[in-house]
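Protein chains in written order, with our numbering: chain A, 1 to 200; chain B, 1 to 200.
Note that these hints are calculated values from the structure, not bench results. Be aware that a few hints might be false.
It does not matter which identical chain is meant; a pair holds if it fits inside one copy or across any two.
Unchecked claim - Heads up, simulated DSSO-like pairs for lysine-lysine below, C-alpha to C-alpha not over 30 Å straight-line: (1) LYS6 / LYS90; (2) LYS159 / LYS35; (3) LYS90 / LYS53; (4) LYS160 / LYS35; (5) LYS36 / LYS90; (6) LYS53 / LYS9.
Number of protein chains: 2
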Amino acid sequence: MEYPSKAIKDAVDELASLPGIGRKTALRLALHILKKTEEEAERLGTSIVSLRKNIQYCTSCHNISDDALCNICNNNRRNTQLICVVEDTKDVIALESTAQFNGLYHVLGGLVNPLQGIGPGQLNIDSLIERVKEQDAKEVIFAFSANIEGDTTAFYITKKLKNLGVRISNIARGIPVGMDLEFTDEITLARSLINRTVVE
Amino acid sequence: MEYPSKAIKDAVDELASLPGIGRKTALRLALHILKKTEEEAERLGTSIVSLRKNIQYCTSCHNISDDALCNICNNNRRNTQLICVVEDTKDVIALESTAQFNGLYHVLGGLVNPLQGIGPGQLNIDSLIERVKEQDAKEVIFAFSANIEGDTTAFYITKKLKNLGVRISNIARGIPVGMDLEFTDEITLARSLINRTVVE
Numbered sequence: 001m002e003y004p005s006k007a008i009k010d011a012v013d014e015l016a017s018l019p020g021i022g023r024k025t026a027l028r029l030a031l032h033i034l035k036k037t038e039e040e041a042e043r044l045g046t047s048i049v050s051l052r053k054n055i056q057y058c059t060s061c062h063n064i065s066d067d068a069l070c071n072i073c074n075n076n077r078r079n080t081q082l083i084c085v086v087e088d089t090k091d092v093i094a095l096e097s098t099a100q101f102n103g104l105y106h107v108l109g110g111l112v113n114p115l116q117g118i119g120p121g122q123l124n125i126d127s128l129i130e131r132v133k134e135q136d137a138k139e140v141i142f143a144f145s146a147n148i149e150g151d152t153t154a155f156y157i158t159k160k161l162k163n164l165g166v167r168i169s170n171i172a173r174g175i176p177v178g179m180d181l182e183f184t185d186e187i188t189l190a191r192s193l194i195n196r197t198v199v200e
Numbered sequence: 001m002e003y004p005s006k007a008i009k010d011a012v013d014e015l016a017s018l019p020g021i022g023r024k025t026a027l028r029l030a031l032h033i034l035k036k037t038e039e040e041a042e043r044l045g046t047s048i049v050s051l052r053k054n055i056q057y058c059t060s061c062h063n064i065s066d067d068a069l070c071n072i073c074n075n076n077r078r079n080t081q082l083i084c085v086v087e088d089t090k091d092v093i094a095l096e097s098t099a100q101f102n103g104l105y106h107v108l109g110g111l112v113n114p115l116q117g118i119g120p121g122q123l124n125i126d127s128l129i130e131r132v133k134e135q136d137a138k139e140v141i142f143a144f145s146a147n148i149e150g151d152t153t154a155f156y157i158t159k160k161l162k163n164l165g166v167r168i169s170n171i172a173r174g175i176p177v178g179m180d181l182e183f184t185d186e187i188t189l190a191r192s193l194i195n196r197t198v199v200e
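Just chain A, with the same shape it has in the complex:
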C-alpha cells in the first residue's frame, strides 16, 4: 500500500503495532485523528506517552497504582490471608467488578509461555511466595484464563507453594451463565460434569 504522505505512513506504522489493529484499521484511525482538533490529537498522543512514563506499580501486589501501595492492598477491611493470583490488571478489574472477592490480588504480569519466551523467572512469582509466608496466607486462588498458559503457570506455582501449608484453588471451569448446553464445547462440558456441585 502506498501512502500519500510520510506523516500518515509513520502514524499507520505505529498504530498497526498495537494488538488487533491491522494496517487498514490503522489507516482508518489515522484519518479519524485528522478530523480531530489539534488539541484533541495532542491529548491523545500525550496520554499514551505519559501513561508509559508515569506508570507505577503497587510494591506489594504489582497491580498498576498511583501510589506505592494500591487502593486494594491499602484497604484494611480486606482479608490479607486470601490471595488471588492473576495475569494482569484487566483481570483485577474484571474480578473486582463482581464484588464477590474480599481478599488481595497478586499480579504476575503475564503467564508462563515458552513459545513467546516468557519463563517463570520473568513473572512476579518469587514475591508471591514471599507474600504467602509474610501474610501467613491461608488460601491462594488461581484466576487464569482457561488455556495451556494458565494451566502451566498454575502447575508451576503449585509446586513452589507445596510445602508452605497453604490451600491452593482454581476458579471453576464450566458452562458460562446464559450459555446453551448444546453449544458448549466437549472439553468444557466434560469438566463441568467432573466438577459438578451438589445441590442437596
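On the provided structure of chain A, position chain B as indicated by the hints.
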C-alpha cells in the same frame, strides 16, 4: 469500571474516543503500551501528535500530501481530463492499488450526511466544479460507497455539473468477484441484472 490509576484511566478515555474501539479494547491497548519501552511509547504518541500538526493537503485534489501538489496531481503522465471523485484518502489508496485508473482524483473530505450535520457546503465540491472547468474535464467518475450518503452526494454533484457538458459516471454496482450468487442481497442482485454487460 474502576481503573487502578489516573494515567491508565486517561489513556483508556482517549483511546476509546477512536472509532471501533470500546473501553475494553482501549484497556487492552493501554496494557500493551505499558509493555513497550519508553521510546516506543514516545514514538507512538508523537506520531499521532505530529500527524495532526504537520498534515498538508494537496491544493488541487485535497488528498493528503507532503507538498503543495500531491504525487498524483504532479504526475504529467496522468490524464487531467478524467476526474474520479472520492470520499477520502482511504479510497484513493484503494483505487490506486488496482493500477487501473490513469486520471486524477478529487477528495471531498466526506459525504453529504444530514444526520451527522454534514452538508454539501462542508465538502470540497466548489473546487471540484472549478477544476472541471479549468482542466476542461471530459468525464467525472463518482467512486463512493454504495449507501444513502454516497447516492445523495452523487445526486447533488450531478445537479451542479449538469450544464458543464461533462460526462458523469458511477463505478459499477454488482456482485463482487468471488461472491456466491445465492448469498448476494436482493438489491445488489437487482442492480446487477439491470446493469448487465453485453458479452457478445
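We went through each hint and held it up to the structure:
Taking identical chains as interchangeable, the C-alpha atoms of LYS6 and LYS90 lie at most 30 Å apart only when they sit on different chains, with a minimum of 15 Å there against 35 Å within one chain. Taking the shortest Cα distances, LYS159 and LYS35 sit within 30 Å of each other only across copies (28 Å), while inside one copy they are farther apart (54 Å). Taking CA atoms no more than 30 Å apart as the test, LYS90 paired with LYS53 passes inside one copy only; the shortest distance there is 20 Å, against 33 Å between copies. In the homo-oligomer, the alpha carbons of LYS160 and LYS35 lie at most 30 Å apart only across protomers (26 Å), although the nearest pairing inside one protomer, at 54 Å, exceeds that limit.
In this homomeric assembly, LYS36 and LYS90 come within 30 Å of each other (Cα to Cα) both inside a single copy, at 29 Å, and across copies, at 17 Å. For the homomeric pair LYS53 and LYS9, the shortest alpha-carbon distances inside one copy (25 Å) and between copies (14 Å) are both at most 30 Å.
In summary, the structure agrees with every hint in the numbered list given earlier.
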